[in-house]
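Number of protein chains: 2
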Amino acid sequence: MWYCLRMQRWWIDTSSEVEDSIVRRILSLAAGSDIISFAGGLPSAAHFPVREVGEVLESLAREPALVRKALQYGETEGYRPLREIIAESYQRKDGLPIQPEQVGITTGSQQAIYLLARALGQRPVVVERPTYLAALAAFRLAGNGIREIPLPEDGPEAGGLPDVEEGMCYAVPNFQNPTGITWSNEKREVVARWAKQRSILLVEDDPYGELRFRGARQKPLAAFAPAHTILLGSFSKILAPGMRVGWFVVPQEGEQLFAKLRSLKETADLHTSTFAQVVIAEYYRRGFAQAHIEAVAAVYGKRARLMRELLAEHLLEVRCTDPEGGMFLWATLPEGMRARELFHLALEEGVAFVPGDVFYATEPDERTFRLNFTAVDEAEMEEGVRRLARAYARARRGT
Amino acid sequence: MWYCLRMQRWWIDTSSEVEDSIVRRILSLAAGSDIISFAGGLPSAAHFPVREVGEVLESLAREPALVRKALQYGETEGYRPLREIIAESYQRKDGLPIQPEQVGITTGSQQAIYLLARALGQRPVVVERPTYLAALAAFRLAGNGIREIPLPEDGPEAGGLPDVEEGMCYAVPNFQNPTGITWSNEKREVVARWAKQRSILLVEDDPYGELRFRGARQKPLAAFAPAHTILLGSFSKILAPGMRVGWFVVPQEGEQLFAKLRSLKETADLHTSTFAQVVIAEYYRRGFAQAHIEAVAAVYGKRARLMRELLAEHLLEVRCTDPEGGMFLWATLPEGMRARELFHLALEEGVAFVPGDVFYATEPDERTFRLNFTAVDEAEMEEGVRRLARAYARARRGT
Numbered sequence: 003m004w005y006c007l008r009m010q011r012w013w014i015d016t017s018s019e020v021e022d023s024i025v026r027r028i029l030s031l032a033a034g035s036d037i038i039s040f041a042g043g044l045p046s047a048a049h050f051p052v053r054e055v056g057e058v059l060e061s062l063a064r065e066p067a068l069v070r071k072a073l074q075y076g077e078t079e080g081y082r083p084l085r086e087i088i089a090e091s092y093q094r095k096d097g098l099p100i101q102p103e104q105v106g107i108t109t110g111s112q113q114a115i116y117l118l119a120r121a122l123g124q125r126p127v128v129v130e131r132p133t134y135l136a137a138l139a140a141f142r143l144a145g146n147g148i149r150e151i152p153l154p155e156d157g158p159e160a161g162g163l164p165d166v167e168e169g170m171c172y173a174v175p176n177f178q179n180p181t182g183i184t185w186s187n188e189k190r191e192v193v194a195r196w197a198k199q200r201s202i203l204l205v206e207d208d209p210y211g212e213l214r215f216r217g218a219r220q221k222p223l224a225a226f227a228p229a230h231t232i233l234l235g236s237f238s239k240i241l242a243p244g245m246r247v248g249w250f251v252v253p254q255e256g257e258q259l260f261a262k263l264r265s266l267k268e269t270a271d272l273h274t275s276t277f278a279q280v281v282i283a284e285y286y287r288r289g290f291a292q293a294h295i296e297a298v299a300a301v302y303g304k305r306a307r308l309m310r311e312l313l314a315e316h317l318l319e320v321r322c323t324d325p326e327g328g329m330f331l332w333a334t335l336p337e338g339m340r341a342r343e344l345f346h347l348a349l350e351e352g353v354a355f356v357p358g359d360v361f362y363a364t365e366p367d368e369r370t371f372r373l374n375f376t377a378v379d380e381a382e383m384e385e386g387v388r389r390l391a392r393a394y395a396r397a398r399r400g401t
Numbered sequence: 003m004w005y006c007l008r009m010q011r012w013w014i015d016t017s018s019e020v021e022d023s024i025v026r027r028i029l030s031l032a033a034g035s036d037i038i039s040f041a042g043g044l045p046s047a048a049h050f051p052v053r054e055v056g057e058v059l060e061s062l063a064r065e066p067a068l069v070r071k072a073l074q075y076g077e078t079e080g081y082r083p084l085r086e087i088i089a090e091s092y093q094r095k096d097g098l099p100i101q102p103e104q105v106g107i108t109t110g111s112q113q114a115i116y117l118l119a120r121a122l123g124q125r126p127v128v129v130e131r132p133t134y135l136a137a138l139a140a141f142r143l144a145g146n147g148i149r150e151i152p153l154p155e156d157g158p159e160a161g162g163l164p165d166v167e168e169g170m171c172y173a174v175p176n177f178q179n180p181t182g183i184t185w186s187n188e189k190r191e192v193v194a195r196w197a198k199q200r201s202i203l204l205v206e207d208d209p210y211g212e213l214r215f216r217g218a219r220q221k222p223l224a225a226f227a228p229a230h231t232i233l234l235g236s237f238s239k240i241l242a243p244g245m246r247v248g249w250f251v252v253p254q255e256g257e258q259l260f261a262k263l264r265s266l267k268e269t270a271d272l273h274t275s276t277f278a279q280v281v282i283a284e285y286y287r288r289g290f291a292q293a294h295i296e297a298v299a300a301v302y303g304k305r306a307r308l309m310r311e312l313l314a315e316h317l318l319e320v321r322c323t324d325p326e327g328g329m330f331l332w333a334t335l336p337e338g339m340r341a342r343e344l345f346h347l348a349l350e351e352g353v354a355f356v357p358g359d360v361f362y363a364t365e366p367d368e369r370t371f372r373l374n375f376t377a378v379d380e381a382e383m384e385e386g387v388r389r390l391a392r393a394y395a396r397a398r399r400g401t
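If you read the protein sequences in the order shown, they are chains A and B. If you're matching positions, the first sequence starts at 3 in our numbering and goes up one per residue. If you're matching positions, the second sequence starts at 3 in our numbering and goes up one per residue.
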């Protein structure tokens, strides 16, 4: 009889709650092959501050007391000097009166999204249409009810905001992933007013905000609705993703939310790598951060312009957004074409992107796709768009 | 009307799903004060391999290509060279035919427990009585049904194992946290047989296994029930906890379980710090690991002996376990006394420990408490036990 039971070991055919990530599959497919990838969300490794990080490591090697601290358990809420650096940055750049006590360090901002999804419980979450793929995965896993709002090129309209009484609104108002869209100040005010009239927590995810290459820095949502906004940030795009260090900033009177997120995080991983936090804090203390951010934003700006030029030259019928910063632009195929079909032909031609359907919580727009313009250099980009144009021509002909 | 709604912002009085951790409160209480703490689970910072890590950092600073890799996004399953190091170590030390593909890197082994709790869903989890506090928190948060098995000093008896058909059994067979108990080979076989006759996944959590200071290394549960055991390990106790790098090893035919855990992890934090993983892999590649482990185990052995001698001298009526390794011993007060009462008097006298009740899933034994013998040096330990003896005398007198 127990032979029979042995056949039924539950972990042998356990189903994945979240679908095996298409992005992961594409990334592992593209890695090491000669496929030019516009698919990932990778920053340009060529522009990592390798020399500056090397200097930090060398000086750290000469400070045994600091190494000792970096090696020990730390507090769940994060390394205090790093929390101070983050709070000070909001004060200086946005005039927000953020205190270090409002800042909690997370294992990438993905973890902050995940913890918020858990904290939200059965309440609904409102997201842009389309929105960040891994946020959708977190909301689905937590069983949150997901509501979409349309996303015009300057941010959501008042008429698009649902009449829910309580819940969360997750948004990426600067150079959104996947669209590259930035909300105007007017739209920020509209959404802030909507949240303030309800029991809605705005989750302002801003991993790309510093990577602006044209136009003026916008006021954060947190400036319009300070008591209703939790800010999320990350060092992934302004320093390096391999650190896996992000943060959240709870709103005023947010002590209970802070305590809840800290408690959930403690159960999830105790705390984020002290070692990585100390290295980042030292990097900032040495003043390396700002110059690097400006250099990277300049490079990304050049690449974004080049990609738009190349698309205009080789793929005139494809409409695309015109981002002011960040890492992505959003393309839409002419009526009757489907991005999934183009995707398979593009892989055959040796170029990858992400079909847009994965970024929708409900019925997708199947003509859309996301292009990353930061991970490949100019020469590869030209070759990649040429390959894309060949795939497009084949899709047009239906071959 | 919306003023009324504003008063009800859900995140203002959100309740914590998990009780605000007593350990965290004690740690922050003890930190920076002159309280001698036997409470935490901190390794001895004085014995961290600071010089060796410094050497790794210096050499890393001279390898820009490796720094670049350390700074980039990595695969969710972990940094391949580190997975190879872990697999090779099981092959060499335990003769287990572990392949790197079975190894998944986690943000501390706490994350592995958390992900397993999520993967388990509504199935029951069987735990030792008492068991590791933060594992209990993860099982409670995930809503797993928890069953306890009694824990005699050489491991669970056949008669104590519940007649459940499927689920998980979470255990720390070497120098358990909190008791310091090690399962005998006979008991390992008993539990393995029980699991193999059922759809039970054994979760063999072994963060302390390398920290043996007397007796012979035992065969892992995974050697008795290879198709039924998922191994958990961590660099926290054999290198440094501040890295936050642990791992799981899925059983044979465990591809589906691996895929599920990877998928859950991807949603939780994408992947563990590449930076920390690269530093650890370099530390191992330079051959620093084994000498450090042996040195630390020797220090901990001396401290464990000293603590037992001091307890025998000053607290003769308190019974305690005699660990062969690890970081903790487990004390039991005489009939009629309660560890919580002693705890409060002890804090007044300037010494801390963890009352045992928090380590029970059900009705606690209120006479028990946990003592850590690794975080304080010999002089502090003597003073700490003297303070404990004063608190004990007061508790005896009822003052």
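Take these hints with a grain of salt, some might be off.
Part of the chain B face toward chain A, derived, beta carbon under 8 Å [to be verified]:
{"id": "1", "residue": "T16"}
{"id": "2", "residue": "E60"}
{"id": "3", "residue": "A72"}
{"id": "4", "residue": "A140"}
{"id": "5", "residue": "P154"}
{"id": "6", "residue": "Q254"}
{"id": "7", "residue": "E255"}
{"id": "8", "residue": "T276"}
{"id": "9", "residue": "R369"}
If you want the ones that stay clear, here's a sample from chain B, every Cβ over 10 Å from chain A, calculated [claimed, not checked]:
{"id": "10", "residue": "Q113"}
{"id": "11", "residue": "E159"}
{"id": "12", "residue": "G244"}
{"id": "13", "residue": "R246"}
{"id": "14", "residue": "E268"}
{"id": "15", "residue": "A278"}
{"id": "16", "residue": "L318"}
{"id": "17", "residue": "E319"}
{"id": "18", "residue": "V320"}
{"id": "19", "residue": "E365"}
{"id": "20", "residue": "R396"}
Because the hints were derived from the structure by calculation, they are not lab data. By construction, the Cβ of each residue, glycine as well, lies at the ideal position given by its N, Cα and C atoms.
To see whether the hints hold, each was checked on the structure:
With a cut of 8 Å, the hint placing T16/B at the interface with chain A holds, because the nearest CB-to-CB distance is about 5 Å. Interface hint status for E60/B: upheld, as the beta-carbon distance to the closest one in chain A is roughly 5 Å, under 8 Å. Given hint, A72/B at the interface with chain A, holds; its Cβ is 5 Å from that chain's nearest Cβ, closer than 8 Å. Checking A140/B against chain A: minimum C-beta separation of about 5 Å stays under 8 Å; hint holds.
Below 8 Å, beta-carbon pairs count as interface contacts, and P154/B has none with chain A, the closest being about 26 Å; its hint is therefore violated. Hint status for Q254/B relative to chain A: violated, with the closest Cβ pair at about 10 Å, above 8 Å. About 6 Å separates the beta-carbon of E255/B from the nearest beta-carbon of chain A, less than 8 Å, and the hint is met. A hinted interface residue such as T276/B counts as satisfied when its beta carbon comes closer than 8 Å to some beta carbon of chain A; here the least separation is about 4 Å, so the hint holds.
With a least beta-carbon distance of about 27 Å to chain A, the hint placing R369/B at the interface is violated under the 8 Å criterion. The non-interface label for Q113/B is inconsistent with chain A: the shortest C-beta to C-beta separation is roughly 5 Å, within 10 Å. The Cβ of E159/B lies farther than 10 Å from every Cβ of chain A, with a closest approach of about 20 Å, so its non-interface assignment holds. Against the 10 Å criterion, G244/B falls within the reach of chain A, whose nearest CB is about 4 Å from its own CB.
At roughly 4 Å from the closest C-beta of chain A, the C-beta of R246/B falls inside 10 Å, breaking its exclusion from the interface. A beta-carbon of chain A is positioned within 10 Å of the beta-carbon of E268/B; the least distance is around 6 Å. Distance check on A278/B: its Cβ comes as close as 5 Å (rounded) to a Cβ of chain A, failing to clear the 10 Å threshold; non-interface status is violated. With a closest Cβ-Cβ approach of about 33 Å to chain A, L318/B is found to remain outside the 10 Å limit, as its non-interface label requires.
Every CB of chain A is more than 10 Å from the CB of E319/B (nearest about 33 Å), matching its label as outside the interface. With a minimum CB-CB distance of about 27 Å to chain A, V320/B clears the 10 Å threshold, and the non-interface call stands. A cut-off of 10 Å between C-beta atoms confirms that E365/B is not in contact with chain A; the least separation is 23 Å. With a minimum CB-CB distance of about 31 Å to chain A, R396/B clears the 10 Å threshold, and the non-interface call stands.
Consistency note: the structure conflicts with the earlier hints numbered 5, 6, 9, 10, 12, 13, 14 and 15.
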